[in-house]
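So the sequence lines, in the order shown, correspond to chains A and B.
One rule links them: number in my numbering = place in the first sequence (from 1) + 676.
One rule links them: number in my numbering = place in the second sequence (from 1) + 676.
In short, the hints are calculated from the structure, not lab data.
Glycine included, every Cβ here is placed at the ideal spot set by N, Cα and C.
Hints are supplied without guarantee of correctness; some may be wrong.
Computed list of chain A residues with no C-beta within reach of chain B, every gap over 12 Å [claimed, not checked]:
id, residue
1, T681
2, L703
3, D715
4, H738
5, P760
6, W811
7, W815
8, G834
9, R857
10, M861
11, Q877
12, P880
13, A881
14, P891
15, A893
16, R895
Where chain B lies over chain A, by a calculated footprint (3+ residues, C-beta under 8 Å) [said to hold, decoys possible]:
id, segment
17, 740-752
18, 787-793
Some chain A residues flagged as far from chain B (calculated, every beta-carbon gap over 10 Å) [claimed, not checked]:
id, residue
19, K701
20, H711
21, H714
22, Y724
23, Q779
24, H814
25, A822
26, P831
27, A864
28, R871
29, P894
30, P896
Number of protein chains: 2
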Amino acid sequence: MSGLTLYTYWRSSAAYRVRIGLALKGLEYRSEPVHLVHDGGRQHAAGYAALNPQELVPVLRHGDQVLRQSMAILEYLEETWPQPAPLLPADAAGRARVRALAQAIGCDLHPLNNLRVLQYLERELGQDQDAREDWVRHWTGGGLDALERLLADDPGTGRFCHGDTPGLADCVLVPQLYNARRFGMDPARWPVLARIAQACQDLPAFAAAAPEAQPDAPRP
Amino acid sequence: MSGLTLYTYWRSSAAYRVRIGLALKGLEYRSEPVHLVHDGGRQHAAGYAALNPQELVPVLRHGDQVLRQSMAILEYLEETWPQPAPLLPADAAGRARVRALAQAIGCDLHPLNNLRVLQYLERELGQDQDAREDWVRHWTGGGLDALERLLADDPGTGRFCHGDTPGLADCVLVPQLYNARRFGMDPARWPVLARIAQACQDLPAFAAAAPEAQPDAPRP
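My request is simple: use the sequences and hints to build the entire structure.
Here it is in structure tokens:
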């Protein structure tokens with residue numbers, strides 16, 4: 677047992693990223709579900725807020741270490757268990773490219789669309805469901821359009837975002853495309869992204885990390 | 677000459693982060709200003725959009741390399757020029773902590789408040805200046821409150837965010853506090869952050885990177 681506990685929510689795309697990384701590296705872990713809606717959001721409960729003052733999932737515990745922020749957690753997994761399945765290439769330029777692709781989603785796209793932002797749009801700005809869905813589609817569409825160009829125009833792109841093995845950028849891309857589909861967007865708009873996501877979905881690690889495969893997912 | 681060109685805007689806090697990193701490492705670079713407001717925003721001009729399809733600053737050119745995303749660029753600087761001024765500690769847990777602090781701002785706070793989001797709130801959602809400033813203060817306040825708790829409660833915090841030398845998290849913190857001040861927030865609300873930011877401002881590298889010190893800043 678690796679002594680790993682993941683505080684997760686089945687549909688959180690930030691938690692989904694970390695689940696993919698853990699699965700790619702073949703690391704076993706205990707899931708500790710944090711329901712983001714029940715009881716007004718259990719991420720706001722005192723016990724969890726003490727673990728993560730940002731009141732967001734995921735958190736990964738590794739022994740005494742409390743690790744926060746999904747992309748930082750993935751880097752920690754990489755540094756602590758560099759094999760199998762390196763999440764970053766060996767060269768600095770390649771590593772910079774992979775990190776920039778991941779951050780194009782993790783910084784500039786995903787945070788605009790998460791639950792707390794949609795709640796603010798509804799509760800503080802009185803925006804109805806149509807306006808909130810337009811908001812999500814605006815930032816998701818523009819963000820993924822830019823990512824498509826970054827990938828389509830670069831010889832570094834292979835079967836996956838960088839070369840022919842999955843890495844950090846793929847861990848971030850797949851959950852974001854899952855989200856786009858939830859909001860009614862057709863991934864065919866981004867042929868390179870859709871092709872890479874399909875290559876990912878064909879791998880058992882990505883299947884194991886999928887929202888519907890989680891213990892806290894609603895049973896059909 | 678290091679062959680470095682930074683596409684920058686004096687008041688962009690993402691560009692400001694990279695300027696701090698370059699200055700800490702003593703790297704000379706050429707500044708290529710991209711005015712984010714003139715001509716409808718020169719980051720949207722075809723030439724710049726080809727360089728960065730996200731149409732955001734900064735971009736760093738290093739010889740033939742085109743580097744995007746401020747935190748990925750800072751990691752690249754660290755990997756390419758590990759000395760002087762290491763931006764990350766040597767241990768994986770410390771590195772994870774510093775990255776998580778940086779990402780708490782770079783992912784969950786800053787992207788909500790940048791120019792394009794405020795423009796969308798105004799143009800698409802008809803939000804007036806008061807509502808837009810409330811928006812900025814809401815996300816900035818909550819985000820920095822959480823960061824204050826993360827820093828105040830952790831023995832890893834020193835004179836700077838992590839220990840007694842400035843690093844990646846400080847490069848991200850100082851521009852965000854600059855932004856908070858612009859929106860009328862008093863940094864005294866966050867005593868630990870304010871103390872760290874003051875320690876940073878006392879260093880020549882931070883002074884050289886400041887918005888008002890840039891060649892494209894308006895002359896008083």
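Consistency of the hints with the structure:
1. Annotated as non-interface, T681(A) keeps its C-beta farther than 12 Å from every C-beta of chain B; the closest such distance is 15 Å.
2. Distance to chain B confirms L703(A) as a non-interface residue, since its nearest Cβ pair spans about 14 Å, more than 12 Å.
3. For D715(A), the requirement that its beta carbon stay farther than 12 Å from each beta carbon of chain B is met, with the minimum near 20 Å.
4. Against the 12 Å criterion, H738(A) falls within the reach of chain B, whose nearest CB is about 8 Å from its own CB.
5. With a least beta-carbon separation of about 18 Å from chain B, P760(A) lies farther than 12 Å from that chain, consistent with its non-interface assignment.
6. Once the 12 Å rule is applied to beta carbons, W811(A) is inconsistent with being away from chain B; the minimum gap is 8 Å.
7. Taking the minimum C-beta to C-beta distance to chain B, about 8 Å, the non-interface status of W815(A) is violated against the 12 Å cut.
8. Residue-level check passed: G834(A) sits 19 Å from the nearest beta carbon of chain B, beyond 12 Å.
9. Distance to chain B confirms R857(A) as a non-interface residue, since its nearest Cβ pair spans about 22 Å, more than 12 Å.
10. Under the 12 Å C-beta cut-off, the non-interface status given to M861(A) relative to chain B holds; the minimum distance is some 18 Å.
11. Under the 12 Å C-beta cut-off, the non-interface status given to Q877(A) relative to chain B holds; the minimum distance is some 25 Å.
12. No Cβ of chain B comes within 12 Å of the Cβ of P880(A); the nearest lies about 27 Å off, and the non-interface call holds.
13. Every Cβ of chain B is farther than 12 Å from the Cβ of A881(A); the closest lies at roughly 21 Å, confirming the non-interface assignment.
14. Distance check for P891(A) against chain B: the nearest CB is about 26 Å away, which clears 12 Å, and the non-interface claim stands.
15. Taking the minimum C-beta to C-beta distance to chain B, about 25 Å, the non-interface status of A893(A) holds against the 12 Å cut.
16. Under the 12 Å C-beta cut-off, the non-interface status given to R895(A) relative to chain B holds; the minimum distance is some 32 Å.
17. Coverage of the segment 740-752 of chain A by chain B holds in this model, with 9 residues showing a Cβ closer than 8 Å to a Cβ of that chain against a need of three.
18. Note: the segment 787-793 of chain A has 3 residues with beta-carbon separation from chain B under 8 Å; the three-residue rule is met and the coverage holds.
19. The Cβ of K701(A) lies farther than 10 Å from every Cβ of chain B, with a closest approach of about 14 Å, so its non-interface assignment holds.
20. For H711(A), the shortest C-beta to C-beta distance to chain B comes to about 20 Å, beyond the 10 Å cut-off, and the non-interface label holds.
21. No Cβ of chain B approaches the Cβ of H714(A) within 10 Å, the least distance being about 21 Å, so the stated non-interface status holds.
22. Distance check for Y724(A) against chain B: the nearest CB is about 13 Å away, which clears 10 Å, and the non-interface claim stands.
23. Not every Cβ of chain B is farther than 10 Å from the Cβ of Q779(A); the closest lies at roughly 4 Å, contradicting the non-interface assignment.
24. Non-interface call for H814(A) relative to chain B: violated, since the shortest CB-CB distance, roughly 7 Å, does not exceed 10 Å.
25. Against chain B, the non-interface label of A822(A) is violated: not every CB pair exceeds 10 Å, the least being about 4 Å.
26. Once the 10 Å rule is applied to beta carbons, P831(A) is consistent with being away from chain B; the minimum gap is 12 Å.
27. Here A864(A) stays apart from chain B, with its beta-carbon at least about 19 Å from theirs, past the 10 Å limit.
28. Every Cβ of chain B is farther than 10 Å from the Cβ of R871(A); the closest lies at roughly 18 Å, confirming the non-interface assignment.
29. Non-interface status of P894(A) relative to chain B is upheld: no Cβ of that chain comes within 10 Å, the nearest being about 27 Å off.
30. Distance check for P896(A) against chain B: the nearest CB is about 32 Å away, which clears 10 Å, and the non-interface claim stands.
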